[in-house]
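Use the sequences and the hints to build the structure in full.
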Amino acid sequence: MGWLGPEEWSALMLSLRVAFWATLVSMPFAVFVAYALARWQFPGRSVVNGLVHLPLILPPVVTGYLLLLGFGTQGPLGGLLAKAGIVVAFRWTGAALAAGVMAFPLMVRAIRLSIEAVDPRLEQAGASLGAPRVMVFLTVTLPMILPGLVAGAVLAFAKAMGEFGATITFVSNIPGQTQTLPLAVHSFLQVPGGEPAAMRLVIVSIGVAMGALLLSEFVGRRAAARVAGT
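Residue numbers for the sequence shown follow full-length UniProt numbering, beginning at 1 and rising by one.
The hints are simulated quantities; they were obtained by calculation from the structure and are not laboratory data.
Just so it is clear, the structure is predicted and the values come from calculations on it, not from any experiment.
One or more of the hints may lead you astray.
[Unchecked claim] Computed spacing ranges between beta-carbons, pair by pair: (1) Gln124 to Val48: 35 to 45 Å; (2) Met135 to Pro6: 28 to 38 Å; (3) Arg222 to Pro76: 41 to 51 Å; (4) Ile203 to Pro59: 26 to 36 Å; (5) Ala125 to Met210: 34 to 44 Å; (6) His186 to Ser128: 51 to 61 Å; (7) Ile174 to Leu122: 48 to 58 Å; (8) Arg222 to Glu116: 31 to 41 Å.
Positions of the beta carbon are idealized from the N, C-alpha and C atoms, including for glycine.
Have a look at this one:
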């Protein structure tokens, strides 16, 4: 395993897996919600906006507890999933769900700001040519908001990598199953002699976060240059 021990390596791989799926699965929903908030006027719009940003305001432990109530095997949604053979509580999929919920507001905000920066007249011009709304979004709006999509995805990924409170409340801290990087750091700090392992994971966390930010900066600039060129 090299510099990292087996338990540390397992926590790193699980964190990358959780953050990847949390970001990937959340993206379509974030794009839809961001577009709705940026372009549509509908009853309860402010309520939807408040609910979307609620995880940023609530203590993460509260969010995790609400997820446990809803998606636990005895919860309304978790019970339905359990009947279909799908269990997310105390599984890595539950960690991805918790991370996705906590990261969702950041992704929505970044994408929404990008959509609001697009001149609506460009979309109206596409619609006036008879193109369906979906095609207008795919051919006009989506290419122009690509930098915002990249920024939102990176923010969500970084948030998912560092999520602690909601995760430990919803799926506990099970080595090899739900123990992500932050949970592993917490566990190592609770035992004598665990500080070196915790410090190694801290360094890895900083490296992954910085790498993600540098990559997003590079991809964002390339996307922005491509949009400007068109």
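Evaluation of the provided hints:
1. Gln124 to Val48: 35 to 45 Å: violated, 24 Å
2. Met135 to Pro6: 28 to 38 Å: violated, 50 Å
3. Arg222 to Pro76: 41 to 51 Å: holds, 44 Å
4. Ile203 to Pro59: 26 to 36 Å: holds, 28 Å
5. Ala125 to Met210: 34 to 44 Å: With Cβ atoms ~41 Å apart, the hint holds.
6. His186 to Ser128: 51 to 61 Å: Cβ of His186 to Cβ of Ser128: about 56 Å, so the range 51 to 61 Å holds.
7. Ile174 to Leu122: 48 to 58 Å: Given about 50 Å between the Cβ atoms, the range holds.
8. Arg222 to Glu116: 31 to 41 Å: violated, 22 Å
Hint violations for this structure: numbers 1, 2, 8, all remaining hints satisfied.
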